[in-house]
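As a plain string of letters, each chain reads:
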Amino acid sequence: MGDLTGPNSGIVIPPRNGAKLVIDEYNKTNPAVKIELVEYDSQGDGSKAVALAQQAIKDDKIVGLVGPAFSGESAQVAPVLEEAKIPSISASATNTKLAENGWKFWHRVLPNDGVQGPSIADFIAGGAAAKNVFVIDDKSEYGKPLADAVRAQLGTKGVQVTNDSLDPTESDFSSVVNKVAAAKPDAIFFGGYYAAGGNLLKQLRDKGVKDAKFFSGDGSLDKGLIEGAGAANAEGALVGCPCYIATPDVTDAKVKGFADAYKAAFSADPAIYAAEGYDAATVFVEAVKAGNTTPEKINEFIASANIAGVSKQIKFQANGEVEAKDIYIYQVKGGAITLLGKAAEAKLG
Amino acid sequence: MNEKNPLARFRHQLGHSSDVIRDRWAHTPGWQRWIVYVALIIGAILLPSESIGSFMSPDTDWASILFFPIGTYVLLAIGLNVVVGQAGLLDLGFVAFYAVGGYAMALLGTRLGWNFWVILIVGIGICALSGITLGAPTLRLRGDYLAIVTLGFGEIIRITARNTDEIGGPNGIRGIPHPPSYEDLVLFGINFSDTFGVDPLKYGVLDPRPYYYLLVALAVVVIILVKRWEKSRVGRAWAAIREDEDAAEVMGVPTFRFKILAFAIGASIGGAMGVLWAAKSISINPNDFQFLLSATILAAVVMGGSGNLPGVMLGAFLVAWLPERFRGLQEYRMLIFGAVLVALMIFRPEGLLPSRQRKAELKEGTGGMGTLGAEVPGPESRGEEVASK
Amino acid sequence: MFNDFINQFWPATIDGLAFGSIYALIALGYTMVYGVLRLINFAHSEVFMIGTFGAMFVPFTLGINSALTGFALVGVIVLMILAGMLASAGTAVALERIAYRPLRKRGASRLAALISAIGASIFLQELFALVIIPNVFDRPQQGRVQMGLPRLMERTELFSIFGHTVRVDQVLVIVAALGMMVVLDRLVNATKIGRGIRATAQNPESAVLMGVDIDKIIRMTFLIGGAMAGVAGALYLISYENTNYFIGFLFGIKAFTAAVLGGIGNLRGALVGGIVLGLVENYGAIFFGSDWKHVISFTILVLVLMFRPTGILGESLQQARA
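Residue numbers (full-length UniProt numbering), protein chains in the order written: chain A, 1 to 349; chain B, 1 to 389; chain C, 1 to 322.
None of these hints come from the bench; they were simulated from the model.
Do not rely on the hints blindly, as some may be mistaken.
As the list claims (entries may be wrong) - Derived lysine-lysine pairs resembling DSSO-like cross-links, with alpha carbons at most 27 Å apart:
hint : chain 1 : residue 1 : chain 2 : residue 2
1    : A       : Lys254    : A       : Lys104
2    : B       : Lys231    : A       : Lys104
3    : A       : Lys254    : A       : Lys325
4    : B       : Lys202    : A       : Lys85
5    : A       : Lys61     : A       : Lys223
6    : A       : Lys58     : A       : Lys104
7    : A       : Lys213    : A       : Lys223
8    : A       : Lys157    : A       : Lys210
9    : A       : Lys20     : A       : Lys34
10   : A       : Lys325    : A       : Lys34
11   : A       : Lys61     : B       : Lys202
12   : A       : Lys58     : B       : Lys202
Okay, chain A solo, but in the shape it has when bound:
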């Protein structure tokens, strides 16, 4: 479930494809119990998502849900699933508060913004050694808390922080850019999605803000960032993400196998959260393989699961968070996104 046709569908379609891949692979083995993948297009709208979830529970009798994709809709859908006792695994909702509700049937396969923000901040202050940082958010449910986490962490490191926000439905960010130019920072962090991020980056560089390093979070990890900014402007931009993208230079056999299969099936390189979508669906497939067919049984299986996924080792805590807490840093090099390494270890080349 997620926004399959709306403006941010770029972040939802890859994990959907990832999930589809697992289930197709599984069904090809002709198991006793086949899994059917039903798609629900919520367009990222919480109210629509709730109605769809109820349809899914009552009429389609789903046993598990991959999604919801965004944090906003998750907040509305998860209580419904909780009461219906349907397990869900989100591959992309990263809002911190989601795990604080005591939900038993809700899980996610990636660390939350509370982990992502500080890790990126540590990298900005440590790996990139920035002293004066300009933090911008897009006033979205996702961008604001992420940027706030970065601000807070940078504050504890004695870094000078200047703030502004932008409206992602706009395309002219000149007032933000003017502020950045006046503040002369040596690093900029943007909490928001790639469409606005690309435009922002371009307008920054056009305005002569050339030296400040540009950082962003998982929402901007998409080639749309490079397209929007232009390859020359995007060069060197750094993006943190709790996700693990199989970039072409990866050597790990398992990841490579996934990337090749994905490419063969969808004639595209696996993009953001594709691996997470794959892993989320894998958990369900493993549950069914182990002979669990009712939602409660599957949920029990998920609670005790310990599976080697493509993106990480999948093991859930009691509140639904995944144990592994690695944040990866990516860098734009030569017009492509490349992996720099884990945030704690990555070095700027």
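Starting from the known structure of chain A, arrange chains B and C on it as the hints suggest.
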């Protein structure tokens, strides 16, 4: 009108037959009307059954969409109809009051832990107040100026909510309490959940039907009140303002006060719906209150027949239901919706079930709200329309 | 705070002027149609959106994806503006023909016209997202994703004010917009068509009696207003290098605000309103933060309307001032 045109003739006949029905209705004795009203309410209560749902919305849960968007739109449209249809004030920011109601529920419910019923009453009061505050400076403006200012206010409220961290900023507010439940309701010796498979006062998460019943109850109350107003002195004053504000003023109608009243009533209805909606949906955020919602509700009012309550409700029902029914057409449903809206206005600009007064005006060719028609110009003068006051 | 203002004053002014000029060009369409028909052409925002795609079509078909110089650059820019004008003016005329004229002929209420416009607006947005962008611009599955324009014009510095750079593209937008305004002003004040438009705005009944072909005048009004939005679309695309199917919405609201601000129905008012709005937004953002930009412009609008309900310059195509 060109009577050779078969379409025009069809339209004419349709109008005629609806006239006949209405005449008969107007002469029906009171007790017979009450039977119809009761039948309608029973019909509304039976509506969320699965057998109807499988036809009405094969792709989503019928009971859920009966609450939102269908029921929500219907109630909002009734509220907006007071402002637009009856008092003739073009309001493009109606969503602002819905937002105020929603936030009232969310804040009072989560911060102060108030009971839903208390909040409903307080929320209606707050919304009426906000309608007055908003109306006082803006209602001196007329026509399109009012439209753009209300649009501006709708956006201001949304963006302010988004920018104010004290009320959750872009995250909105989570964990909004449900109305208090009375489980296993037994009335007249009937256990509802056993007999009908639904617990009508259990406000949980899973079953949307109790909320829908609550909405129906609210709608019934609102409809009765609105109808009473329409037939009272207030309603006549509104009609006078709508038709010719200057003449109304000259005849001694305190126009400004009645316009404020219309705004306050419309706002209260929108706000009540906001409270109810927030109580069901657990979490709200500023993006639930986009301009598009204002535009959609306005489209519902005009499409159904501005000023005529059954028409407005029909319009709201269609506007909410059609895109859900045709989910099968997937992405193309909004495209078709847009085209239908245009086609409807071309072929039936007075709406599906127009108010009779409006239709009479249309026949005269003045169109009631200023002329677009260059061929059959209206009698009113144009220049001073906006500038006066 | 005040220090910030002084530091950012010049860049904010330049950006405000450039953006304000685009608002002004779009506002013209609202103002002209309102002057003649007393109707808010709500679908005008989509006319602008289609203008950006019309302009996008030129480099797309020519397969340009690197910066140009000299005559090639001028040629492409002129072609883009023309294509934008053509696409927008065509859309505007078609809108009038399909969505407004039937209503006008039946003497429908203005409210009905407004709803028709909202319907047309949704239809056009979805048409682009579902059909035109995926097929014509060869972006299957990506109709709702923003589409970028490759850099055509290098962002070179033209001159600087107090150490703040003024770039070529910014000057281009401002100059081209002002040029268009002058042309339009002449058109309305000194040609036969212009006289017809003014006559219709003042009093349609008398205009008909005087032998003005009112249908033609209305068509021309939409055509001219559409063409201006097309210019705005092309200029926007050249300087900001991106567009999407939903871009018209915000511009539409802002441009309408600008039109009301300057005095609706008044052509010069549209220019003043647009530029004032552009500047106020940028100055306000310095003080309150960029996220309050819209709130600032709407608040200004409400204040202006409360104290001077006819806008800064007063409304009126009909009072023969335009």
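Hints, one by one, checked against the model:
no. : hint                    : verdict
1   : Lys254(A) <-> Lys104(A) : 30 Å, violated
2   : Lys231(B) <-> Lys104(A) : 55 Å, violated
3   : Lys254(A) <-> Lys325(A) : 20 Å, holds
4   : Lys202(B) <-> Lys85(A)  : 18 Å, holds
5   : Lys61(A) <-> Lys223(A)  : 37 Å, violated
6   : Lys58(A) <-> Lys104(A)  : 20 Å, holds
7   : Lys213(A) <-> Lys223(A) : 18 Å, holds
8   : Lys157(A) <-> Lys210(A) : 25 Å, holds
9   : Lys20(A) <-> Lys34(A)   : 13 Å, holds
10  : Lys325(A) <-> Lys34(A)  : 33 Å, violated
11  : Lys61(A) <-> Lys202(B)  : 23 Å, holds
12  : Lys58(A) <-> Lys202(B)  : 18 Å, holds
Going through the hint list in order, the structure does not satisfy hints 1, 2, 5, 10.
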